[in-house]
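S.K.: Each chain is listed here by its residues.
4 protein chains.
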Amino acid sequence: MRLTQAQQLCAAALSAAAEDGLLVSAAVVDAGGNLVAFARMDGAEIAGVVLAPDKAYTAVANSAPTHELAEAAAPGGPLFGLHAAAQGRFVVFGGGIPIRDAAGTIVGGIGVSGAPDPADDVRCAERALNVVHGILAEASQ
Amino acid sequence: MRLTQAQQLCAAALSAAAEDGLLVSAAVVDAGGNLVAFARMDGAEIAGVVLAPDKAYTAVANSAPTHELAEAAAPGGPLFGLHAAAQGRFVVFGGGIPIRDAAGTIVGGIGVSGAPDPADDVRCAERALNVVHGILAEASQ
Amino acid sequence: MRLTQAQQLCAAALSAAAEDGLLVSAAVVDAGGNLVAFARMDGAEIAGVVLAPDKAYTAVANSAPTHELAEAAAPGGPLFGLHAAAQGRFVVFGGGIPIRDAAGTIVGGIGVSGAPDPADDVRCAERALNVVHGILAEASQ
Amino acid sequence: MRLTQAQQLCAAALSAAAEDGLLVSAAVVDAGGNLVAFARMDGAEIAGVVLAPDKAYTAVANSAPTHELAEAAAPGGPLFGLHAAAQGRFVVFGGGIPIRDAAGTIVGGIGVSGAPDPADDVRCAERALNVVHGILAEASQ
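Chains as they are written, first to last, in the working numbering: chain H, 32 to 172; chain F, 32 to 172; chain U, 32 to 172; chain D, 32 to 172.
No lab work stands behind these hints: they were computed from the structure.
For glycine and all other residues, C-beta sits at the position ideal for the given N, C-alpha and C.
Treat the hints with care, since some could be wrong.
[Stated by the list, open to error] Selected chain U positions facing chain D (in silico; Cβ < 8 Å):
no., residue
1, A101
2, A103
3, A105
4, L110
5, H114
6, A115
7, Q118
8, G119
9, V123
10, F124
11, D148
12, P149
13, D151
[Claimed, not checked] Incomplete in silico selection of chain U near chain D, CB under 10 Å:
no., residue
14, G74
15, I77
16, A104
17, P106
18, G112
19, L113
20, G125
21, P147
22, A150
Excised from the complex, chain H in its bound form (with noise of 0.2 Å):
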């Protein structure tokens, strides 16, 4: 994932979620769960800066986007109680996302925080991965 690719990401998540008059944080890392690039909309909540990082990394940790990974934390789930591990840094409602390269490799995740429906956050991750669906061909850790 390089900084370029990941300001794009934050940049088209921004736009994506200033189309919807929302407000939000957007987080990239890399393919080891390390932040890229991170930028606060002016006015977006300060959750974001734990959120939004944390739920890129969800993303990429357990190669699955954050809002699949709910039920299965849930009472009953096949990992009930992942939201508790990882020194609670593990996000499990939506907003990250993992982003694959053309072989299907996961080569970083994007996070966004702020909107108060998630399923918001998650559509801004979805638009930003698809307006810079092109930069992925070429995404390399």
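Assemble chains F, U and D onto chain H, guided by the hints.
M.R.: Okay, now just chains F, U and D, sitting in the frame of chain H:
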């Protein structure tokens, strides 16, 4: 959030608690989530040392009263696991409320903790905000 | 340590700081090291949010003013590394002082933080203790 | 501290590093110590993920450049042990600098990390502040 305002809010919350025979702690943070004032009533449990500031921080960080977060943070809710995020600093039961200025901008947060029923913490926080409502118009970071 | 006493001590520390043109935070903990009252002056740095309570806690926890701990905590000292213990909660520079009752029993601690020179934090804490000396005779947990 | 300003500062710090053949991360926090923007150059070490934001936070929290804290935090210094306080979030080597508006009020902080010699981190941060000096007059929380 000025110190005098924060102290008035703490005092009002403690007065409300005393009227109802409750022993609580009250904390007020600024818009950055950083503590401005804290007071623990004689005999109030020491959980309030952690919970009152963290409730206030949570309310600011998530732009919502903490009692509105419990349902969302529970299994099946849109924010399941929120209580375990942020390294355990988010509290999703009642007692934390964002403080807004006349324009609706969040200028800080109040957190009350110690009542056996968190609903009573909420009421103390709300009554504090009502009592010192006049100060909120002038509240600024 | 009663709340009224703790608040008087905080107020006295802040008054002492204001007289000297300093911006500080003040915290008072009880004999259990648990926060009773905290106040941060308008414009005082946010380090005080952490350091003032931790100085007060350190003073109680180690039965000594924090400015007396630096030498012992330094390389070659009998408590080398103390400042890194307690998950980073021990502070070994000036500003934390145990509060004793008439019999010499430690009933709490005061912590002041924010002055460019910690010696000024110490002086504010000491002046606060002198000003409210009368209350200490009656101080009880 | 607006996002556009924070991003300009990060970009300027990275440009300064690139000119000198250095690989760094840059972070900008607001007056509350909360992250606004972050960027890590391709190939820059992952320590910067933690150190750049924490340097920026430390500079704001203590109202001082982090390179001025090392001597004070060393054994025998007035702030010995500062680096171990705040649960390890204070960094006392160079690379963090408070950002002030025209009136001298601290409106945020910049942190740069990654150069083999922290003196180079400092220079990158300083050059970033110089390059975008014009934006500081208008900087507001």
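S.K.: Which hint numbers does the structure go against, in order from smallest to largest?
M.R.: 2, 4, 13
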